[in-house]
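Number of protein chains: 2
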Amino acid sequence: MDNFNFYSPTQFVFGKEREGEAGTYVKKYGGSKVLIHYGGGSVVRSGLLDRVKDSLTKEGISFVELGGVMPNPRSGLVYQGIDICKKESVDFILALGGGSVIDSSKGIAAGSLYDGDFWDFYSGKLVEKALPIGVVLTIAAAGSEGSGDSVVTKEEGMLKRATSSDLLRPKFSILNPALTQTLPAYQTACGATDIMAHVFERYFTNTLEVEITDRLCEAVLLTMVKETPRVIADPNNYEARANIMWAGMVAHNGLVGVGRSQDWNSHSIEHELSALYDCAHGAGLAVIMPSWMEYVYKHNIMRFCQMATRVFGCQMNFENPEVTAVEGIKRFRSFLHSIGMPINFEELGAKEEDIPVLVDKLGLGDGKTGGFVSLTSEDVTKIYEIAAKAEI
Amino acid sequence: MDNFNFYSPTQFVFGKEREGEAGTYVKKYGGSKVLIHYGGGSVVRSGLLDRVKDSLTKEGISFVELGGVMPNPRSGLVYQGIDICKKESVDFILALGGGSVIDSSKGIAAGSLYDGDFWDFYSGKLVEKALPIGVVLTIAAAGSEGSGDSVVTKEEGMLKRATSSDLLRPKFSILNPALTQTLPAYQTACGATDIMAHVFERYFTNTLEVEITDRLCEAVLLTMVKETPRVIADPNNYEARANIMWAGMVAHNGLVGVGRSQDWNSHSIEHELSALYDCAHGAGLAVIMPSWMEYVYKHNIMRFCQMATRVFGCQMNFENPEVTAVEGIKRFRSFLHSIGMPINFEELGAKEEDIPVLVDKLGLGDGKTGGFVSLTSEDVTKIYEIAAKAEI
Numbered sequence: 001m002d003n004f005n006f007y008s009p010t011q012f013v014f015g016k017e018r019e020g021e022a023g024t025y026v027k028k029y030g031g032s033k034v035l036i037h038y039g040g041g042s043v044v045r046s047g048l049l050d051r052v053k054d055s056l057t058k059e060g061i062s063f064v065e066l067g068g069v070m071p072n073p074r075s076g077l078v079y080q081g082i083d084i085c086k087k088e089s090v091d092f093i094l095a096l097g098g099g100s101v102i103d104s105s106k107g108i109a110a111g112s113l114y115d116g117d118f119w120d121f122y123s124g125k126l127v128e129k130a131l132p133i134g135v136v137l138t139i140a141a142a143g144s145e146g147s148g149d150s151v152v153t154k155e156e157g158m159l160k161r162a163t164s165s166d167l168l169r170p171k172f173s174i175l176n177p178a179l180t181q182t183l184p185a186y187q188t189a190c191g192a193t194d195i196m197a198h199v200f201e202r203y204f205t206n207t208l209e210v211e212i213t214d215r216l217c218e219a220v221l222l223t224m225v226k227e228t229p230r231v232i233a234d235p236n237n238y239e240a241r242a243n244i245m246w247a248g249m250v251a252h253n254g255l256v257g258v259g260r261s262q263d264w265n266s267h268s269i270e271h272e273l274s275a276l277y278d279c280a281h282g283a284g285l286a287v288i289m290p291s292w293m294e295y296v297y298k299h300n301i302m303r304f305c306q307m308a309t310r311v312f313g314c315q316m317n318f319e320n321p322e323v324t325a326v327e328g329i330k331r332f333r334s335f336l337h338s339i340g341m342p343i344n345f346e347e348l349g350a351k352e353e354d355i356p357v358l359v360d361k362l363g364l365g366d367g368k369t370g371g372f373v374s375l376t377s378e379d380v381t382k383i384y385e386i387a388a389k390a391e392i
Numbered sequence: 001m002d003n004f005n006f007y008s009p010t011q012f013v014f015g016k017e018r019e020g021e022a023g024t025y026v027k028k029y030g031g032s033k034v035l036i037h038y039g040g041g042s043v044v045r046s047g048l049l050d051r052v053k054d055s056l057t058k059e060g061i062s063f064v065e066l067g068g069v070m071p072n073p074r075s076g077l078v079y080q081g082i083d084i085c086k087k088e089s090v091d092f093i094l095a096l097g098g099g100s101v102i103d104s105s106k107g108i109a110a111g112s113l114y115d116g117d118f119w120d121f122y123s124g125k126l127v128e129k130a131l132p133i134g135v136v137l138t139i140a141a142a143g144s145e146g147s148g149d150s151v152v153t154k155e156e157g158m159l160k161r162a163t164s165s166d167l168l169r170p171k172f173s174i175l176n177p178a179l180t181q182t183l184p185a186y187q188t189a190c191g192a193t194d195i196m197a198h199v200f201e202r203y204f205t206n207t208l209e210v211e212i213t214d215r216l217c218e219a220v221l222l223t224m225v226k227e228t229p230r231v232i233a234d235p236n237n238y239e240a241r242a243n244i245m246w247a248g249m250v251a252h253n254g255l256v257g258v259g260r261s262q263d264w265n266s267h268s269i270e271h272e273l274s275a276l277y278d279c280a281h282g283a284g285l286a287v288i289m290p291s292w293m294e295y296v297y298k299h300n301i302m303r304f305c306q307m308a309t310r311v312f313g314c315q316m317n318f319e320n321p322e323v324t325a326v327e328g329i330k331r332f333r334s335f336l337h338s339i340g341m342p343i344n345f346e347e348l349g350a351k352e353e354d355i356p357v358l359v360d361k362l363g364l365g366d367g368k369t370g371g372f373v374s375l376t377s378e379d380v381t382k383i384y385e386i387a388a389k390a391e392i
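From first to last, the protein sequence lines stand for chains L and R. Its first residue numbered 1, the first sequence is counted upward by one per residue in our numbering. Its first residue numbered 1, the second sequence is counted upward by one per residue in our numbering.
Worth flagging that the hints you see were computed from the coordinates, not collected in a lab. These figures come from a predicted structure and were not determined experimentally. Hints may be right or wrong, so weigh each one.
Repeated chains share a single entry, so a pair holds when one copy, or any two copies, can fit it.
SDA-like mimics (lysine to any residue), calculated; alpha carbons at most 25 Å apart, straight line [as the list claims (entries may be wrong)]:
#, residue 1, residue 2
1, K28, D2
2, K16, V225
3, K27, E128
4, K27, S165
Okay, chain L solo, but in the shape it has when bound (with noise of 0.2 Å):
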């Protein structure tokens, strides 16, 4: 096992009607001017930013609004969130919604206590100071409600690039299940696979004998198996979704990933499909993950088997491995062609003609990426073609 430092110091608040103890949570962590952050209508239209509202007014924390945040953040969005936080002096950001508005908060966060561009926190920069951070959680998915990491996207040339930060992770996150309930199937799908991707990140490693993190990996991996067909088939379900939100924040805040070597290359591949074409994140993961498991599987055929074995249920062939491993796979693309995703780039919406363009975005060069299996631009491209003609 690797050495390593785990810290996950957000206050979690989960189970129903918690959005209510909104201010009461501000309040216990400093706030007194709040910049609310939010998305588009639903979250009006549902009455959870009215509800959140009242709870902050009945504390006497006085606020400012900033909705419009899309999937994918946008960088502009983020300058006008600093902009506000600089001109009102607010001293909390409290973020209503999923993966873009909590990481749209972060930008703000780190760029509201600093002189120069943003940006440069999401160009290699460390992040010195942020404001605090607040979370009522709508979407199961990114993470981020318990991470300390960010993606914004910059519209010029639409480059998506990401920071971590310990000073970024949210003071306090509060998850109600029962505000998932009124997400679109295929949201909720998106989301699942999000959470399935940021296990398999830190399942694939070249660290040997970490069965705790391994362990780990497979407890998420197989709640989300057994959860996320429950709440596609009656997305009323609350114990179902319940499960599932706990599980996100568990396969990101850095828990299951401890004491080894990470993959990260799915992210990195897909990143490009999503800031390209404007997909679901968690849409372009269900292409790319299984097509790169595709790729990579020989490099380590164990332990595809056991992520066949332990997660999937296959049974082990002890006379050829390789075919437990391959049916690992399958399994999973079929999981995930189950619960609505789309599997290959006509399915998304992407053209195997820009597989050059994305490649070159990526801007590997002649350079290799790191990870479970280091990636060549050539690797890349077969995944890609790999992912755009995949089948079930």
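Start from chain L and add chain R according to the hints.
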């Protein structure tokens, strides 16, 4: 899933030689005058105490010392520690040891900022302030390095009582698995038993459909079943030690018990054994927990089947599930025996004729416990009786 809060803000610093960073972390979390608290001579003989002192000195941090913590830590030493902290204006407590040292440190931390008797906090009073605590862990067992819990024994009447507060969660915990390599096999096995017991206390729940926490529980248990025999066979197996050490933290920082009712009757029933005989808590649990399982399994046979199949690899008997349930309990007891744990009163050094004393000290009177199955004094008597005579 029940509503819950989950808050585990400790900075975990894991891996080889990390104790050399103790000074850095004490400084980071605001300590300038430290009480180093530890147990017996092993911390001195191994050179750990000196290495930690060097690390503090390097950061310009001054310190005082208090050794002598015994297993089942006593209130007498806590009072001494509080006196020292008050006289010497100590602002940070650094625990070097296992659960007993950490629990004693927590008592001192709470008592040092309180005008009354620290025992109040072990008699139901809520902790309102506490000195910050850091940990250098030397035994994987109690999970106190990641929890807000503390158990201390009052010499007068050998009363073993607990307190819990988020204020008692360590600011940082340094976990170097190599420090546990010198532990005798018996202590290693006691620790492993305690870790598994912490999970089982949460696993046996009356809350339905908490798949994610079930699976996380099983992740820890499966890890312990795999790794414990390896360290018993080879005490210097760093990888197995590492898996167990991290599993011990995950087992008890709260994560594997959220959203569900819990039990904790085995812990209460055991506490009377270790209080009366001063035996190791883990050894007492090895005697009590399988006996408790035998007594209560009919309350939910399917849950015991889940344990049997998912954790101990039993084949499910679909025609007669009770067979599987019983087989799982049998395998658990055999596992404990195989790692060198006592499984009945004689092996533990307890006496069957003391059962009325044990039951009386538990103090249920005509009342009942809570938990998975609510127990009367008569039930507890029967569990002690099963434990007295248990065999493989």
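Exercise. Using 25 Å as the alpha carbon limit, work out where K16 and V225 are close: within a copy, between copies, both or neither.
Key: within (24 Å within a copy, 36 Å between copies)
* At most 25 Å between C-alpha atoms: does K27 with S165 qualify within a copy, between copies, both, or neither? -> This pair counts as both: shortest intra-copy Cα distance 23 Å, inter-copy 20 Å.
> Is it within, between, both, or neither for K27 and E128, if the alpha carbons may be no more than 25 Å apart?
Replying inline: both (23 Å within a copy, 18 Å between copies)
Classify it for me, K28 with D2: is the Cα-Cα distance of at most 25 Å met within a copy, between copies, both or neither?
between (36 Å within a copy, 23 Å between copies)
Going through the hint list in order, the structure satisfies each hint without exception.
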